[in-house]
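So the sequence lines, in the order shown, correspond to chains X and L.
Each residue of the first sequence is one higher than the one before, starting from 1 at the first, in our numbering.
Each residue of the second sequence is one higher than the one before, starting from 1 at the first, in our numbering.
Any given hint could turn out to be false.
[Said to hold, decoys possible] Simulated pairs of lysine to any residue, SDA-like, Cα-Cα distance not exceeding 25 Å:
{"no.": "1", "chain 1": "X", "residue 1": "K461", "chain 2": "L", "residue 2": "D88"}
{"no.": "2", "chain 1": "X", "residue 1": "K509", "chain 2": "X", "residue 2": "A534"}
{"no.": "3", "chain 1": "X", "residue 1": "K610", "chain 2": "X", "residue 2": "E644"}
{"no.": "4", "chain 1": "X", "residue 1": "K461", "chain 2": "L", "residue 2": "Q31"}
{"no.": "5", "chain 1": "X", "residue 1": "K571", "chain 2": "X", "residue 2": "P592"}
{"no.": "6", "chain 1": "X", "residue 1": "K575", "chain 2": "X", "residue 2": "R526"}
{"no.": "7", "chain 1": "X", "residue 1": "K461", "chain 2": "L", "residue 2": "D115"}
{"no.": "8", "chain 1": "L", "residue 1": "K22", "chain 2": "X", "residue 2": "A472"}
{"no.": "9", "chain 1": "L", "residue 1": "K22", "chain 2": "X", "residue 2": "R483"}
{"no.": "10", "chain 1": "L", "residue 1": "K22", "chain 2": "X", "residue 2": "K509"}
{"no.": "11", "chain 1": "X", "residue 1": "K294", "chain 2": "X", "residue 2": "E270"}
{"no.": "12", "chain 1": "X", "residue 1": "K367", "chain 2": "X", "residue 2": "A435"}
{"no.": "13", "chain 1": "L", "residue 1": "K22", "chain 2": "X", "residue 2": "R458"}
{"no.": "14", "chain 1": "L", "residue 1": "K22", "chain 2": "X", "residue 2": "A484"}
{"no.": "15", "chain 1": "X", "residue 1": "K461", "chain 2": "L", "residue 2": "E167"}
{"no.": "16", "chain 1": "L", "residue 1": "K22", "chain 2": "X", "residue 2": "K571"}
{"no.": "17", "chain 1": "L", "residue 1": "K22", "chain 2": "L", "residue 2": "F9"}
{"no.": "18", "chain 1": "X", "residue 1": "K461", "chain 2": "L", "residue 2": "G29"}
{"no.": "19", "chain 1": "X", "residue 1": "K367", "chain 2": "X", "residue 2": "V377"}
{"no.": "20", "chain 1": "L", "residue 1": "K22", "chain 2": "X", "residue 2": "L465"}
[Claimed, not checked] Just the calculated beta-carbon pair ranges, DEER-fashion:
{"no.": "21", "chain 1": "L", "residue 1": "P90", "chain 2": "X", "residue 2": "S485", "range": "43 to 49 Å"}
{"no.": "22", "chain 1": "L", "residue 1": "G61", "chain 2": "X", "residue 2": "Q598", "range": "52 to 58 Å"}
{"no.": "23", "chain 1": "X", "residue 1": "V545", "chain 2": "L", "residue 2": "E33", "range": "56 to 62 Å"}
{"no.": "24", "chain 1": "X", "residue 1": "A475", "chain 2": "L", "residue 2": "E193", "range": "58 to 64 Å"}
{"no.": "25", "chain 1": "X", "residue 1": "A435", "chain 2": "L", "residue 2": "G61", "range": "58 to 64 Å"}
{"no.": "26", "chain 1": "X", "residue 1": "R601", "chain 2": "L", "residue 2": "A74", "range": "31 to 37 Å"}
{"no.": "27", "chain 1": "L", "residue 1": "I62", "chain 2": "X", "residue 2": "Q598", "range": "57 to 63 Å"}
Hints listed in this document are in silico derivations from the structure and should not be mistaken for laboratory results.
Think of the CB as a built atom: it goes at the ideal place given N, C-alpha and C, for glycine as much as any other residue.
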Amino acid sequence: MIPTSTPILGSYDYSEVARSVFIAVAASYVALDLAGRVAVASGRVRLAWWSGGATAMGIGIWEMHIKGMLAFRLPVPVEYHWPTVLAALPVAILASSVALYVSSRQKMGPAEALAGCVTMGGGIAGLHYISMAAMRLPAVTQFSPALVALSILLAILFSLIALLMAFGLREETRWSVPRRLGSALVMGAAISAMHYTGMAAASFFPAPLPDLSHALTISPLADNGIVIVTFLVILAAMTTSSVDRRAGAEIQRMNRELERRVAERTLQLEAVNRSLRNEILERERAEEDLRQSKDRLRLVIDTLPALVWSKLPDGSADFLNQRFREYTGLSVEEGLGWGWMRNAFHPEDRAEEEWRAAFAAGEPFEKEARLRGADGVYRWFLLRAAPLRDELGHVVKWYGTTTDIEDRRRAEEALLQAQDRLAHVTRTQAMGELAAAIAHEVNQPLTAIVTNANFSLRQLKGSPLNLDELQAAIAEIVNDGNRASAVISRIRGLLMNQTPRTAQLDINKIIQEVLALLRNELTRNRVSLRTEVAANLPRVRGDPVQLQQLLINLIMNSVEAMRGSAERSRKLSIKSVENAEGISVRVQDSGPGVAPEQADRIFEPFFTTKPEGIGMGLSISRSIVESHGGRLWAVAVSGGALFEFTLPAED
Amino acid sequence: MTEAAPVVFVVDDDPSVRRAIKRLIGSVGLQVELFGSAQEFLQGPHSDVPSCLVLDIRLPGISGLDFQRHLAHANIHTPIIFITAHGDIPMTVRAMKAGAVEFLTKPFRDQDLLDAVHVALERDRTRRQQEAELATLRKRLETLTPREREVLPLVVSGLLNKQIAAEIGTSETTVKVHRSQLMRKMGANSLAELVRLAERIGIPGNTP
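The following block holds chain L by itself, in its conformation from the complex (with noise of 0.2 Å):
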C-alpha cells in the first residue's frame, strides 16, 4: 500500500486561532484544513489518507466532547486531540475514556501538539493498515464457497477431517478438497496462518 501525504483537521470556532495552527502545523510539512464548527467538518468531502482532528472542547452548536461521540456512534476512527480554554479533570478524563490522543490546555506549547498530531496521524496510520489488511482478508473471504465457508470455522477450530465430514455430512475426500481450497483463498500457507488470519476476521465466531 502507497503511502498517502496525512492530513491533520482542526476544527475551532476562532478564525485566528485555527490560522496560527495551520501555520505551525503547516511548518512540519503536513497538510492542514480548516473548519469553524463540527456541522463544517462532517460536510466537507474527506479524502482518504491518515488523518488526526484538532478539536476545540467549546464549540458552537455540538461541544467538542458530544462530537466525539458522535464520531464514534458513525463508526469514524479519525484520533483525535482536543484543545480548549477551560479544561477541568472530568472533561480530561471523559475524553481519554472515548479515545482521544491527547488533551491540551490552551494556550499549548507548539511541540506538544506537533508531538500529539505525529501520534495521531501514526496511530491513524496502523489502524488504516489494520483496516486495510481486514479489507482483503473480507475479500478473500468472499471468494469461498457457502461449502468451503462452512468448513472454515470447523477446521480453524481443530477439528480432523474426518470429525468435519461427519459433522457436515459428506466424505473425508470432499472435506480435504475444501481446505485445500480454502486454505489456497485465504492466501494461508499453514494451518497455524489460516487460523490467525481466520481470528481476526472475527472466525470463529460464536456462529457454528
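Extracted from the complex, chain X is given alone in its bound form (with noise of 0.2 Å):
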C-alpha cells in the first residue's frame, strides 16, 4: 500500500514507557527465578513451576507489550481490537515456556541455545508485531524492513543472553540475588529495547477508520487493573518462588546435613565393616592355626614311642593313641573304658589294683608292669599317670604314658646278672689273693719256726750238742711266733683300712646315702624297705666309708638271708635312735634268722652259712663298729634276724 499523506506523528508518555520497562525487568527477574526453581524441580512439582513460571513470565512481557504500545500516543484516537490483543498472550506464554525449558536443562548446548533463542526471539517479536496488529485507528501503518529485521534480531539476541543468564543463574549462590536484579535490569532493558525497535519501524500514515467491531480504547482503569493484575501474577509468582527457594535451601540444607550424616555414618559403618572382616579373617587365621596344631598335636600323640592315655576321674580310658591300638592290637572299643587295663596287663604284676588305688588316692602313678602286645607276647613297660585337677583340686582327668623298657630292662637284668658275677668272681679272686698273702705271710715265720724247733729237737736227740746254736734257734722260735701275730694283726688292719678317716657324721645320711647305693638291689630283690629315722640325732665321729661298708655289709647279709623267701615276705626295716651311749641302728630282715647253735659263732672270721660267703663281712664290721668305740651284736628275734650297732655320741 502506498502512502497517501505524511505519516502520522506519534509520541511516546514517558512515564508509561518507565512503567513497561520496570514490568519488563520484573518480567525478567520473574523468568531468571523461576528458571531456577524449574532446574531444581523434577516431575510434576516441575512441569507446576515450569507451566506456572512461563504463565507469569509471558503475561509480564504481553503486559509490558501493551504497556509500550499505550505509552505510544497518537493524535488519532486509537482503539485496539481485544481478540487479536489476547490472542498474543499465548504466544507470550508459549515463547516464555521455551525459554525456562532451554535454560532449565540439565546441559546447554549450542544447538539447543540456537533453537531456544530463535523460539523465543521469535515467540517475542511475534507478539509484538500481533499486537501492534490489533491496534485500530484512522491509520495505514507501514513498516520499515530493516527495523523490522533488526527488532527480530535483536528479539533472537536478546533471547540468547536471557537464555545464558538464566541458565548461570540456576544455581542458588550468595550472590544470586544481586546478580539476578542485575541481569533481570539487562534483560528488561533488551526487551524493551526490541519493543521500542520494533515501534520505530511501524510509520502510521492517515486512513479511514477500519472496522472497530471488537474495538475497545483501553481506558486508564483497565489499564492500570491490567498492570495491578500483571503485577499480583509476578508478586505470586515472586513469592512463591521466593518461599519456595527458602524451603528448597532448607531442604538442601538438609538433604546436604542428611548427606553428611550419612556419608559419616557410611565412613563409620565402613570402619566398623572394616574391622569386622579383620575380626572374620583373623578369627580364620586363628581356626586355622588351632586346627593346625591340633592336627600337629595329634601327630604328636600319636607318633610318640610311647602309648599315650586319657582317663576319666573314675579311671576309665577315654582315649588311647594310635601306637597304643597297634601295639596291643585293642579296638578303640575293647580299649576304652577298663578294657585294657584287664585285658593286657599280666595279671601278676597286679598293675590294674594298683592302678586303682592310685586313681582313688588322687596320686600320680609310676610303676612298671608286663604289657600284652597285640602277637600275644608280653613286653615290661613303664607305666607313668598324672591327674589334671580343677581349680579347685578335683581330678578332671589322668594323662599318662606307657613306654616299653623291656630292652632297657633286659639289658639291667643282664648287666646286673653280669655285676653279680664280676662282683662274685672279683670277691673270689680277692678272696683267693688274700688267702695267698695270708698263707705266705704266716707260713713264714711259721715255717721257721717249725724247721728251727725240728732243730731243736733234733739236737736235743743227738750229739754234739751246739748249746749256742740251740739257743739262737729257740729264741728265733720266739721271734717268729710274734712275727705271725703281728701278721694276723696286719691283715685285719689291712682288710678294714686301719687308720680311720674321721669326720663328724649324721648318721641317717649315712643310712640314706647307702639306701640309695643298694636301691636297685632291693628293688630287683624284690624287698620292701621301711625306715624310722629318728629327727635330730646325735652326731658321732667316724669314717664315713666304714660306716658305709657296715651297712652295706649287714643289709646285704639280710637281702641275701632273704632270696630263698616268698617275695611278698621279704621285709627289711632299718631304724635308728637316740640311747645312752649315743645312737643305736637296727637293720631287722624277715628271713630265716640265725640259728641260735651259730649264734655264737657269725662274728667269727671265716665263719659262713652262705654257700658263696667268705666270713668276713660281720667279724670285719664288728671290727669296724669297736674301731668306732661302738658295739655291734645279733638280736635273738622270732622271724627273722636283727642286727643292732650303737655308736658312742660326739661330745
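Join the two chains into one complex using the hints; note that each chain is given alone, in its own frame.
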C-alpha cells in the first residue's frame, strides 16, 4: 500500500515507557528466578513450576508490550481489537515456556541455545507484531523492513542473552539475588529495546477508520487494572518462588546435612565393616592355626614312641593313641573304659589293683608292668600317670604314658647279672689273693718256727749238742711266733683300713646314702623297705666309708638271707634311735634268722653260712664298729634276724 | 775223681726261714749257702762241687718257677727242691715237669727236706760224674786227627775196613792204621766199647 499522505507523528508518554520497562525488568526477574526453580524441581512440581513460570513471565512480557504500545501516543484515537490482543498472550506464554524449558535443562549446548533463542525471539517478535496488528486507528501502518529485521534480530539476540543468564543463574549462591537483579535489568532493558525498535519500524499514515468491531479503547482504569493484575501475578510467582526457594534451601541444607550424616555414618560403618572383616579374617586364621596345632598335636601324640592315653576321673580310659592300639591290637571299643587294664596287663604284676588305688588316692602313679602285645607276647612297660585338677583340686582327667622298657630292662638285668658274677669273681679272686697273702705271710714265720723247733729236737736227741746254736734257734722260734701274730694283726688292719678318716657324721645321712646305693639291689630282689629314722640324732665321729661299708654288709646279709623267702614276705626294716650311749641302728629282716647254735660264731672270721660267703662280713663289721668305740651284736628275734650296733655320740 | 764236699744253696726272701733251714741242713753236716733272691744267687761265686738248690716259689723279683726255667736255659742243671707257702697242683706239676726234685709245702717236715736234699745231691753227683766222663771222652776225641775223626763214625756204624776204604777213597791198610790209632786214643779195648763210648758223645750223629 502506497502512503497517501505524510505519516502521523506519534509521541511517547514517558511515564508509561518507564512503567513498561519496569514491568519488563520485573518479568525478567521472575523468569530468571523461575528458571532456577524449574531446574531444581522434577516431575509434577517441575511441570507446575514450568507452566506457572511460563504463564507469569508470558503475562509480564505481554503486559510490557501492551504498556509500551499504550505509551505511544498518536494524535488520532486508537482502539484495540481485543481478540487479537488476547491472542498475543498465548504466544508470549509459549515463548516463555520454551525459554524456561531450555534454560532449566541439565545442559545447554549450542544447538539447544540456538533453537531456544530463535523460538523465544520469534515468539516475542510475534507477540509484538500481533499486538501491533490489534491496533485500530484511522491510519495505515507501514513497516520499515530494516527496522523490523533489526527488531527480530534483537529479539533473538536478547533471548540468547536471557537464556544464558537464566542458565547461569540457576544455581543458588550467596550472590544470586543481586546478580539476578542485574541480569533482570539487562534483560528488561533488552526486551524494551527490542519493543521500541519494533515500534520505530512502524509508520502510520492517515486512512479511513477501519472496522471497529471488537475494538475498544483501553481506558486508564483498564490499563491500570491490567498492570495491577500483572503485578499480582508476578508478585505471586515471586513469593511462591521465594518461599519455595527458602524451603528448597532448607531442604537442601537438610539434604546436605543428611548427606553429611549419611557419609559420616557410612564411613563409620565402613570402618566397622573393615574391622569386622579383619576380625573375621583373624578368627579364620586363628581357627586355621588351632586346627593345624590340633593336627600337629595329634600327630605328635600318635607318633610318640610311647603309648599315650587319657582317663576319666574314675580311671576308665577315654583316649588311646594310635601306637597304643597298634601295640595292644585292641580296637578303640575294646580298649576304652576299663578294657585295656583288664585285657592287656600281666595278672602277676597287679597293675590294675595298684592303679585303682592310685586313682582313688588321686596320686601320680608310676609302675613297671608287663603289657601284652597284639602278638600275645608280654613286654615290660613303664606306666606313668598324673592327674589334671581343676581350681578346686578335683581330678578332671588323668594323663599317662606307657613306655616300652623291655630292652632296657633286659639290658639292666643282664648288666646286674654280669655285675653279680663279676662281683663274685672279684670277691673270689680277692679272697684267693688274700688267702695266698695270709698263707705266705703267716707261713714264713711258721716255717721258720717249725724248722727251728725240728732242729732243736734233733739237737736234743742227738749229739754233739751245740748249746749256742740251740739257744739261737729257740730265740728265733719266739721271734717268729710274735711275727706271725703281727702279720695277722696287719692283715686285719689291711682289711678294714686301719687308719680311719674321721669326720663328724649324721648317721641318718649315711643310711640314706647306703640305701641310694642299694636301691636297685633291693628292687631287684623285691625287698620292701621300711625306714624309721629318728630326727635330730646326735652326731657321731667316724669314717663315713667304713660306716657305709658296715651298713652295706648288714643290709646285703639281710637281702641274701631273704633270697629263699617268698617275694611278698621279703621285708627289711632300718631304724635309728638315740640311746644312752649315743645312737643305735637296727637292721632287721624277715629271712630265716640265725640258728641258736651259730649265734656265738657268726662274728668269727671265716665263719659263714652262705655257699659263696667268705665269712668276713660280720667280723669286719664288728671290727669297724669297735674301732669307732661302739658295739655290734645280734638280737634274738623270731621270724628273721636283727643286728644292732651302737656308736657313741660326739661330745 | 775225688769227692768234694757238697753245698746246699737256699734261696728264700725270709731271713728267718733261711737261717732255720741252714741250721737244719747244717745239723746233718752239709754245707749251706744262703741267698735272699734269685739275682743274689746268680751273682755269687759257686764252687764246682755237688750241690742242690732249695728254692722258694714266691721270691722278690723273678719267681721260683721262672728262675727254674731261666737256669735250664742257661744250661745250669743244679737239682731244685721247691718250697712254697701256697702251692697248688698246676704249680707243682709245672715244677716237677721242669725237673724239680721235690715240691714241699711250708711248713715242711724236717725229714722230708733232708731226704729231698740227699736225693738232690746224689742226683747232682751222678750228673757231675757223667759230665766228667763225657768231658774226658771229648778231650780224647779232640786228640784224633781229622782223618781218624772221619773214620770213627764209619767204624762204629759197623762198616768193614774195605768198605770204609772205598768210602773215603784210600787203601784198606791205611784204614787199619787209623782204626788202631783211634781205638787207642779213645781208650777202647774192643769195638763194642768204642761203640758205647762213641754213643755217649753223640757219634754217629746225623753227620756222615
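Are X/K575 and X/R526 close enough, with their CA atoms no more than 25 Å apart?
holds (20 Å)
Given a hinted range of 43 to 49 Å, is it respected by the beta-carbon distance of L/P90 and X/S485?
This hint is violated: roughly 32 Å between Cβ atoms.
Given the hinted pair X/K294 and X/E270, is their alpha-carbon gap at most 25 Å?
Between X/K294 and X/E270 the Cα gap is close to 35 Å, so the pair fails against 25 Å, i.e. violated.
Between the alpha carbons of L/K22 and X/K571, is the straight-line distance 25 Å or under?
Answer violated: L/K22 to X/K571 is near 62 Å, above 25 Å.
Taking the CB of X/A475 and the CB of L/E193, does the distance hold inside 58 to 64 Å?
holds (60 Å)
Are the Cα atoms of X/K461 and L/G29 separated by 25 Å or less?
holds (16 Å)
Given the range 58 to 64 Å, decide if the beta-carbon distance of X/A435 to L/G61 lies inside it.
Violated, since X/A435 and L/G61 (Cβ atoms, about 23 Å apart) do not stay within the stated range.
X/K461 paired with L/Q31 [C-alpha distance capped at 25 Å]
holds (21 Å)
Given the range 56 to 62 Å, decide if the beta-carbon distance of X/V545 to L/E33 lies inside it.
Cβ of X/V545 to Cβ of L/E33: about 49 Å, so the range 56 to 62 Å is violated.
For the pair supplied as a hint, X/K367 and X/A435, is the alpha-carbon distance within the 25 Å limit?
Roughly 45 Å separates the two Cα atoms, so the pair is violated.
Take the C-alpha atoms of L/K22 and X/R483, compute the straight-line distance between them, and say whether it is at most 25 Å.
Cα-Cα ~20 Å, so holds.
Can you tell me whether the CB distance of L/G61 to X/Q598 sits inside 52 to 58 Å?
violated (45 Å)
The structure fails hints 1, 10, 11, 12, 15, 16, 21, 22, 23, 25, 26 and 27 (numbered hints given earlier, in ascending order).
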